[in-house]
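2 protein chains.
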Amino acid sequence: MSLEGRNIAILIAPRGTEEPEFTEPKEAVAKAGATVTVIGLEDGEAETVTGDLDPAGRYPVDRTIGGASAADFDGLIIPGGCVGADKLRASGDVIAFVHDFFAQGKPVGVICHGPWTLVEADVVKGRTLTSYPTVRKDIENAGGRWVDEECVCDQGLVTSRTPKDLPAFCSKIVEEFEEGRHPAQARSA
Amino acid sequence: MSLEGRNIAILIAPRGTEEPEFTEPKEAVAKAGATVTVIGLEDGEAETVTGDLDPAGRYPVDRTIGGASAADFDGLIIPGGCVGADKLRASGDVIAFVHDFFAQGKPVGVICHGPWTLVEADVVKGRTLTSYPTVRKDIENAGGRWVDEECVCDQGLVTSRTPKDLPAFCSKIVEEFEEGRHPAQARSA
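For the protein sequence lines, the chains are A and B, in the order given. By the count of this note's numbering, the first sequence reaches residue 189 at its end, each step adding exactly one. By the count of this note's numbering, the second sequence reaches residue 378 at its end, each step adding exactly one.
Certain hints may be false.
What the hints assert, rightly or not - Label-pair distances were calculated between CB atoms; the ranges are:
no., chain 1, residue 1, chain 2, residue 2, range
1, B, E329, A, A184, 21 to 31 Å
2, B, R334, A, S2, 44 to 54 Å
3, A, D72, B, V336, 15 to 25 Å
4, A, R145, B, R334, 18 to 28 Å
5, A, G67, B, G256, 50 to 60 Å
It should be emphasised that the hints constitute simulated quantities derived from the structure, not laboratory data. All values derive from a computational prediction rather than experimental measurement. We put the beta carbon where it would ideally sit given N, CA and C, even for glycine.
The whole structure should be built from the sequences, with the hints applied where relevant.
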């Protein structure tokens, strides 16, 4: 499989994004040939964590969300981390950006607490997905169908539960990003 | 006002409960004369944070949730902290405990990300409340009416948004705990 020529965006919060849910999907799509752009809320470096609370790494932000457009990308990755996901959903620019990927029928991979941004963007209704267990109720109340599987793929929407699911998640997002647009992805936007 | 003879429970997560949202309400009800019991998920000490991520204090757990019953208390306080609130909602014992306070018409004070436990316990429908802004959507999707005020009191349910609201929150929970049972509190249980 090859993602040569594809532009993939990955979101990161200023603090609190879960380290391996950021690094591993990023590496997987880069290894497949994609150009990956790290999109943050602020310029400079973002600080990741492990286990939701423990400081992990520091990563440069390539582009701030204010200057980013879904039209420039072929796919989107949204990592978890409880605080990181909470900070991402708090940004109206992030929510508009996420919504646009759905409206444009582009594949999106979301893991752990990441689906809170989907709930906030109102793109969950009628979709089948998984998440960290605590997000289940919020997904169901938003009209989504929650299932307990390591990786769920619903017409361009790829979701997983925790860092343990990363091998399956990384493999599936590369596959979906290679397939390209999924017109049915737009049905919940 | 006096809370002499009243037993008040306050929840704390093993890690990630927001420091001042734990300490200030606890001190306010104790100062008014209440006996306060710190209820945790595990024996030993719990670690609080400030700003969702930075380590703050360590506090002994008085009783674990497995051995706690709402019948033993006259009121409940649920602090926030993004990770702490997420860990509390993950516990079925915590959710049953929270639900029982509503079923028994007892006053409950909840701040910041704390209302996630109310969403999880299905006691939000038809109630008016506030929270940290990121929890708004989850409350509304659960059937609650969200308002942006420093302190909201809906027949025994007291809610506030952030640590800045603590003076109003602490004053109001003491008042509600003194009033005692609010039969209308049970209407959403």
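Here's how the hints hold up against the structure:
Take E329(B) and A184(A): their Cβ atoms lie about 27 Å apart, and the range 21 to 31 Å holds. The given range of 44 to 54 Å is respected by R334(B) and S2(A), whose C-beta atoms sit roughly 51 Å from each other. Remark: the range hint 15 to 25 Å for D72(A) to V336(B) is contradicted by a beta-carbon distance near 38 Å. At about 26 Å, the CB distance of R145(A) to R334(B) agrees with the hint of 18 to 28 Å.
Remark: the range hint 50 to 60 Å for G67(A) to G256(B) is upheld by a beta-carbon distance near 54 Å.
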